[in-house]
Each structure stands twice: as structure tokens, then as C-alpha cells.
Amino acid sequence: MPEVPFSGNTVESSLQDKSCNIHSLTSSSTDDQSSILLVSVQLHVSPERSNLVLRLLICQDIITKRVIIMDSIQSRNFRGRLSPDETLAAKLETSSEKKAATTSRVNLDYFPSGSVIDGLSASLLSRCQVKNIRCSLVVSWPEFGPSVIRFVGALLKSIVPSLDVGSVNKDLEKYSSRKDAWIESDLYT
Numbered sequence: 001m002p003e004v005p006f007s008g009n010t011v012e013s014s015l016q017d018k019s020c021n022i023h024s025l026t027s028s029s030t031d032d033q034s035s036i037l038l039v040s041v042q043l044h045v046s047p048e049r050s051n052l053v054l055r056l057l058i059c060q061d062i063i064t065k066r067v068i069i070m071d072s073i074q075s076r077n078f079r080g081r082l083s084p085d086e087t088l089a090a091k092l093e094t095s096s097e098k099k100a101a102t103t104s105r106v107n108l109d110y111f112p113s114g115s116v117i118d119g120l121s122a123s124l125l126s127r128c129q130v131k132n133i134r135c136s137l138v139v140s141w142p143e144f145g146p147s148v149i150r151f152v153g154a155l156l157k158s159i160v161p162s163l164d165v166g167s168v169n170k171d172l173e174k175y176s177s178r179k180d181a182w183i184e185s186d187l188y189t
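Here full-length UniProt numbering is used: the first residue of the sequence shown is 1, the next is one more, and so on.
Please keep in mind that the hints were generated in silico from the structure rather than gathered at the bench.
Certain hints may be false.
As the list claims (entries may be wrong) - Now the in silico label distances, taken between C-beta atoms and shown as ranges:
#1 D164 <-> Q129: 28 to 34 Å
#2 S162 <-> R49: 29 to 35 Å
#3 H44 <-> P112: 21 to 27 Å
Claimed, not checked - No more than 25 Å apart at the CA atoms, straight line, and that leaves these computed lysine-lysine pairs for DSS-like:
#4 K99 <-> K65
#5 K99 <-> K157
#6 K131 <-> K91
#7 K65 <-> K98
#8 K99 <-> K131
#9 K157 <-> K65
#10 K65 <-> K91
#11 K91 <-> K157
#12 K131 <-> K65
By construction, the Cβ of each residue, glycine as well, lies at the ideal position given by its N, Cα and C atoms.
Could you build the full structure based on these sequences and the hints that come with them?
As C-alpha cells, then:
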């Protein structure tokens, strides 16, 4: 995206970078030789640009059977009160994901009716619905903090058992405090 300045980004993937990183993982089980793409979008994608970015992620060149999206809940889009001390996680699914075997689904409550998800994650979920791709959107609250990091780490470990989330958890805890949130502001770019 041309409007995003990449000055200051490191050569190796870092949580401080404003980037979109695509990592390829291979399943370690002998039964399943499928490849897993882990995509980390570490920058704000405006709702107007979401459709363009998702076309790059789900296109003719990248063929996927299942998508799991992780995002945070914005308090302005949630119907009800969100306490900063409380961890909340919920999901939205495509109809093909609901029809799939219950053992392969993400085991969470559904996102409450009347609440809204927008941006890249909503565009990606709707694109998967249109293309009949199995997809789960997992949203969590609060946006930052150790409780969310533990939840995301456990969720990733249950989805990709061969993934080493220990080192990722340390990096996430380092950069997840509210006092560091100003770094991501467009005001300081």
C-alpha cells in the first residue's frame, strides 16, 4: 500500500514494523501434508482499502480450504459494556464452516447480535462466504494485555499444534501494553 511509510522497518519480521508478513508452515503430521499460511497484518488497513488487500490474500494464486481470522473488538462497535479487566472472545463463521464437523471448529460463543465487525477482517469473512470457503473470525477484548496474548497463543496452538508460540508470546507481551499504543498512531508517522 503506497500510503504506508516503511521507513524504520527491520529486515527480519518484528512486531514493531508496519508490515504484512506471510509465513508458510508445513504440518508435522504424516497424515496431513498440507501447507499453512500464517498472515500477520501489522498495520491499519482503512475500510476503503480492505477489498483490495483481501483480493491479494484470497485470489486465484492462493487457494485455501480454510481461513481463521483473529482480530480485536473495538468498543465503539460492541453492543453492551466492555470492562478493561475482563477478557472476551467470540466468533463469526461462514455457513460452510458451520456445516463442517464440530471437532474442527473453534470452540467459542458466537459474537453477540447487534454488534459490528468492520474493516479487513469483515471483508475477508464476507469474501470467504461468497467463495464458499470455510472461515472463522475470532475477535477478542481487550485489544492489548497479557490475558489476550495467552488466549491467542492457546488458540494458535490448538489450530497448529506444531507452532512454537513461546517466543511469539514473549514478543507480544513486550509490545502489548497500553502505554505503547501511541506508537501505532498515524499521528506519529
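Results of checking the hints against the structure:
| no. | hint | in the structure |
| --- | --- | --- |
| 1 | D164 <-> Q129: 28 to 34 Å | holds (32 Å) |
| 2 | S162 <-> R49: 29 to 35 Å | holds (33 Å) |
| 3 | H44 <-> P112: 21 to 27 Å | holds (25 Å) |
| 4 | K99 <-> K65 | holds (14 Å) |
| 5 | K99 <-> K157 | holds (23 Å) |
| 6 | K131 <-> K91 | holds (19 Å) |
| 7 | K65 <-> K98 | holds (14 Å) |
| 8 | K99 <-> K131 | holds (15 Å) |
| 9 | K157 <-> K65 | holds (19 Å) |
| 10 | K65 <-> K91 | holds (18 Å) |
| 11 | K91 <-> K157 | holds (17 Å) |
| 12 | K131 <-> K65 | holds (10 Å) |
Checked against the numbered hints listed earlier, the structure breaks none of them; every hint is satisfied.
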